[in-house]
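Top to bottom, those sequences are chains A and B.
Under the working numbering, the first residue of the first sequence is numbered 10, with each subsequent residue one higher.
Under the working numbering, the first residue of the second sequence is numbered 80, with each subsequent residue one higher.
It should be emphasised that the hints constitute simulated quantities derived from the structure, not laboratory data.
Even glycine gets a Cβ: it sits at the ideal position worked out from N, Cα and C.
Which chain B residues stay away from chain A? Per the calculated CB distances, all over 10 Å, these:
| hint | residue |
| --- | --- |
| 1 | V92 |
| 2 | T99 |
| 3 | Y104 |
| 4 | E105 |
| 5 | Q136 |
| 6 | G141 |
| 7 | Y143 |
| 8 | S153 |
| 9 | T159 |
| 10 | Q162 |
| 11 | V164 |
Restricting the straight-line Cα-Cα distance to at most 30 Å, the calculated cross-link-like pairs of lysine-lysine (DSS-like) are:
| hint | chain 1 | residue 1 | chain 2 | residue 2 |
| --- | --- | --- | --- | --- |
| 12 | B | K117 | B | K149 |
| 13 | B | K188 | B | K117 |
| 14 | B | K188 | A | K88 |
| 15 | B | K188 | A | K89 |
| 16 | B | K149 | B | K82 |
| 17 | B | K188 | B | K95 |
A partial selection of chain A residues facing chain B, derived with a Cβ cut-off under 7 Å:
| hint | residue |
| --- | --- |
| 18 | G52 |
| 19 | L55 |
| 20 | Y58 |
| 21 | N110 |
| 22 | I111 |
| 23 | F114 |
| 24 | G117 |
What follows is each chain in one-letter form.
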Amino acid sequence: SQTIHQWPATLVQPVGSPLSLECTVEGTSNPNLYWYRQAAGRGLQLLFYSVGIGQISSEVPQNLSASRPQDRQFILSSKKLLLSDSGFYLCAWGRQALAKNIQYFGAGTRLSVL
Amino acid sequence: AQKVTQAQTEISVVEKEDVTLDCVYETRDTTYYLFWYKQPPSGELVFLIRRNSFDEQNEISGRYSWNFQKSTSSFNFTITASQVVDSAVYFCALSDVSGGGADGLTFGKGTHLIIQP
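Next comes chain A alone, as it looks inside the complex (with noise of 0.2 Å):
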C-alpha cells in the first residue's frame, strides 16, 4: 500500500531564516506531488505541483520553491522566511490512472514564523 511521509510536523523559525519541508512517497512509482497551504481561517492553496524529477508547476507566485530531485522525494523551500508564510503546510500525491485522480495528504507541517 501506498504511504506519505512528512517531516517536521510542527516548525518555529525566526524571520529570514531558511525553510526546507520534506516528503516522501512509499509504494508507488511515478506519482503527480503537491504542495498546499493552509492559513488561518482559510482553505487550502495549492502552491506548487510536479509530475516528474524535475518538473514543478508554480499555482502562486511568492517566497517558496520546490524541488523533485528523486521520483518520490518533494521539498519545499524558502531561503528567507516571512512572517505571511505562516501555516499548515499539506504535500500530497495523486496518479490518474492508479488512484484516480484522487489526492492523498500526509499530516502535514505546522510553520509558525516569529
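Once you have looked at the hints, place chain B on chain A.
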C-alpha cells in the same frame, strides 16, 4: 476559473441529529471530478469520496450520503445520526481533467462541523 463555495463556515448540532454540508462549484469544463475530504483536529486530510461529472447517482456509505446535482452545480454531503467523532472540518474540492488531470485540487474554505454530546 474554477471555484468551490462552502457557504456554511460552522455548523453545530446535537449528537444523533442529521446534518447536511453544502457545496456549490463553478467550472467551465464539461468533465471534472468532485471530492469531499475530512480534516480532524490532527490536521491530516482524509479522503471521503470522489465523483465524476458524468455520474449523477447519489451515493450512500454507512451514515454518509452525497447528493450530486449537475443542474444546480451542487455536491452536498449529509451525515445521518451524527456522532461526536464526526466533529471535524469538511472540505469540498474540484479538479478538471485538462492537462491529464495532474493539476491540483480547488478547495472550498471548509465547514467546521461540531457535534455536541
